[in-house]
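Quick mapping for you: the protein sequence lines, in order, are chains A and B. Per our numbering, the very first residue in the first sequence carries number 6; after that it's consecutive. Per our numbering, the very first residue in the second sequence carries number 1356; after that it's consecutive.
Since the hints were made in silico from the structure, they are not lab data. All of these numbers come straight from a predicted model, not from anything done at the bench. It is possible that some hints are incorrect.
No farther apart than 30 Å at their CA atoms in a straight line, the calculated lysine-lysine pairs in the DSSO-like style are these [to be verified]:
hint, chain 1, residue 1, chain 2, residue 2
1, A, Lys342, B, Lys1602
2, B, Lys1378, B, Lys1602
3, B, Lys1708, B, Lys1521
4, B, Lys1602, A, Lys402
5, B, Lys1516, B, Lys1762
6, B, Lys1602, A, Lys337
7, B, Lys1708, B, Lys1602
8, B, Lys1589, B, Lys1578
9, A, Lys121, A, Lys275
A few chain A residues that don't get close to chain B, going by computed Cβ distances all over 12 Å [as the list claims (entries may be wrong)]:
hint, residue
10, Phe27
11, Lys301
12, Asn318
13, Ala324
14, Asp341
15, Thr364
16, Pro382
17, Thr388
Think of the CB as a built atom: it goes at the ideal place given N, C-alpha and C, for glycine as much as any other residue.
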Amino acid sequence: MRHICLYFQVHQPFRLRIYRFFDIGQSHDYYHELNNRVLMQRIAKKCYLPMNALLKKLITRHTPERFSVAFSISGMALEQMQLYAPEVLESFQDLHATGGVELIAETYAHSLASLKSEAEFRRQVARHAQTLEKLFGARPTTFRNTELVFFDALAEWVADMGYTAILAEGADTLLGWRSPNYLYTAKASPKLHVLLRNYRFSDDVAFRFSNQGWPEWPLTAEKFARWLRDLPSHEMLVNLFMDYETFGEHQWPETGIFEFFEAWVDEMLKDRDVRFVMPHVAIADHEPVGEVQAPKPLSWADSERDLTAWLGNDMQQDAFDSLYALEPLIQKLPPDKHPDLLRDWLRLQTSDHFYYMCTKFFADGDVHKYFNPYDSPYEAYVTYMNVLADFRERVEKAQPA
Amino acid sequence: MLGWEFPPRIAGGLGVACYGLVKGLTHHGVQVTFVMPLRSGQEPTNAYRLLGANEINIPVDSTRTITFWRQVRFYGVETALGPYLEQLERPILTFDAVPEPVQEATPTGPFRLFFTGKYGADLLDEVYRYAYAVSFIAEREHFDLIHAHDWLTYPAGIALKRLTGKPLIVHIHATEYDRSGENPNPTIREIEAQGFAEADLIIAVSFYTRSIVVEKYGIPPEKVWVIHNAVLPKDRQPIERPARRRKVVTFLGRVTYQKGPEYFVEAAARLAPRLPEAHFVIAGTGDKLRSIIHRVAELRLGSRFSFTGFLPPREVEQLFDLSDVYVMPSVSEPFGISALEALRAGVPVIISKQSGVAEVLRYALKVDFWDVDRLADLIYGVLRYPAITRFFRRFAQDELSQLQWEKSSARVVQAYKTLPS
Chain A
6 MRHICLYFQV HQPFRLRIYR FFDIGQSHDY YHELNNRVLM QRIAKKCYLP
56 MNALLKKLIT RHTPERFSVA FSISGMALEQ MQLYAPEVLE SFQDLHATGG
106 VELIAETYAH SLASLKSEAE FRRQVARHAQ TLEKLFGARP TTFRNTELVF
156 FDALAEWVAD MGYTAILAEG ADTLLGWRSP NYLYTAKASP KLHVLLRNYR
206 FSDDVAFRFS NQGWPEWPLT AEKFARWLRD LPSHEMLVNL FMDYETFGEH
256 QWPETGIFEF FEAWVDEMLK DRDVRFVMPH VAIADHEPVG EVQAPKPLSW
306 ADSERDLTAW LGNDMQQDAF DSLYALEPLI QKLPPDKHPD LLRDWLRLQT
356 SDHFYYMCTK FFADGDVHKY FNPYDSPYEA YVTYMNVLAD FRERVEKAQP
406 A
Chain B
1356 MLGWEFPPRI AGGLGVACYG LVKGLTHHGV QVTFVMPLRS GQEPTNAYRL
1406 LGANEINIPV DSTRTITFWR QVRFYGVETA LGPYLEQLER PILTFDAVPE
1456 PVQEATPTGP FRLFFTGKYG ADLLDEVYRY AYAVSFIAER EHFDLIHAHD
1506 WLTYPAGIAL KRLTGKPLIV HIHATEYDRS GENPNPTIRE IEAQGFAEAD
1556 LIIAVSFYTR SIVVEKYGIP PEKVWVIHNA VLPKDRQPIE RPARRRKVVT
1606 FLGRVTYQKG PEYFVEAAAR LAPRLPEAHF VIAGTGDKLR SIIHRVAELR
1656 LGSRFSFTGF LPPREVEQLF DLSDVYVMPS VSEPFGISAL EALRAGVPVI
1706 ISKQSGVAEV LRYALKVDFW DVDRLADLIY GVLRYPAITR FFRRFAQDEL
1756 SQLQWEKSSA RVVQAYKTLP S
């Protein structure tokens, strides 16, 4: 028996417009409406709609018992679908109705709040769960943190909120000699199951698929199926986690990514022992073989698997600290009286804003540039700080006397 | 008159000064033809003529070309990029305009040369192309004297003088020592020295600059006139500033060694905890911008700073209207016309003692550029004690009314009259 757990991340940030010094105190319109709309609609056409259609076809062809997937759709992406591409939301709802989709909880704003504030983190997870219930009638039991950030205290909070599983990066520092192809639990909270991303196989598809310089190019369905089949038979759970935009955006349709995916699923399922399972099924069907612990936060990014892509330089740390310095003021606002401030508070927390300020423009930089609206990290920082200056003024003004 | 900048194509004080001077000279009945590298067609022209070197027809005439180069091309143009180019590195804040496409000159018949009118990577090339094009007005235009602004136009001025024998005045707005400290670009320095040597008369924008010309270039002091810059009257009164919680402390200028932006940042670091209402603006771009942004981030002051990139004149006015104090901590500032513009807008100014404008302003706060603690004190005082602002506003307005281009230009006319005609 071999289980493959496919999980796709769906997320789009509210990108900022070039917000200038002269705008501070004058305009509270921070977002690049046109850019965000056009990107959402383009990605809808190139990725979300065709890939949803393909997944639905595969679920129908193979039944949800044999082929199912998991999604995390950030609150930011859901808001943008509602604003700019309602047909995409309907398409996800439709796909979810097949019974072959598990929806995973995350922080509503796709934020790094867990690194700064447990309270804000919990609020955002609760908000995301409520949104999933409202839009999909789903009650998530699996959690994934932004950029798969994982650490011991986080495991405790997540278990405390009632989640039974968490997704994390199968980082070498976390596993040591061990294989990611098993079920684990969190040492900090033994009731919480941990599903670890197999980064080699995940990145074969997500990053290397169309790279002609890669010795394994072209990656065919048969070859990829064979690699998975050739794993030791006792490694029974392979977790392939990737951005959903891999299909049609990071890897263009011309690369054959859609055809590859369909053929690979069919190829895998020729073997009657193979199933594609959702995380809640995986934790029911497998016994944990060990514990993982992470005293320091890990992520799925870059070769270091750390947080330097978001909080590695002074600009990022300054922006991050300045943002969360506002949290106490936000909490003092009378509830429900300032929906616009709350909306901006969430949108400004999205991790992408900090990612754009990354100065590690080398090996990993290619990925960093993707969808990056700025010419330089300096510009990203300057723009973000201007927005924050205006936002702070509004929050201060709104404080109850 | 030969100059590199004229409104609206300006990068700094040079263009502003040329505009004011031309208007002042016109007022005194001087007929001015201002030759710039590239005429954009939007310059505010009425009483004087504007000519772009890009409009000068150059005959296909190899003899002339060869003669010209023999006469004028005294230095090789192959040289390392001058430090003047600093601001022209890829703009890191893309609020700047995009460069224009290069056009090829027509190969047959009279042709025209292409100019960017900017401080691009091929600046030296452009300086010599300008000189070449300008040399062709020698026989076509009637003029009595040649007035060249800064090293960029000195080769052209020298060429015209050699071709026509007319007197040459070189005007010095900034020397290579101002821009680069003690490590001047040797080529640019040589062009300056040549210009000073061949000139019949030199006009420096301050005593400070005159002393550099005398000491660093060995020019006899009697050849150098000091004529301070001035400021054009504003068409509107300073606005009444609405009471706001946020106080804006402004740095405006190229973000380069010469302008001392790091002293501004260090002063802000001292003030930030004590002045929660202060917001610091750095308006301009330059080779130090990235390191300045890094430093601000390192100090965790990003939420207290705004970086605007290069601002066109209209937005400079807008910025002054929002500013509560203007700080010019220049390490070496021949004049610093922007301090006058700030005063004109009713903004109190703090200027470095190492600036020419300090010679003409009594009612300005002055500080040594390196004295960061003192600078912080002064900013604090201006923001917290409104009486200072009121005092300076009242007296500075009187002082400003004395600093008119008509007056400065009258001195220039005086200087012209000392020359043999």
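**OP:** Report the numbers of all earlier hints that the structure fails to satisfy, in ascending order.
**Re:** Hints 2, 3, 8, 9, 10, 12, 13, 15, 16, 17 are the ones this structure does not satisfy, whereas the remaining hints hold.
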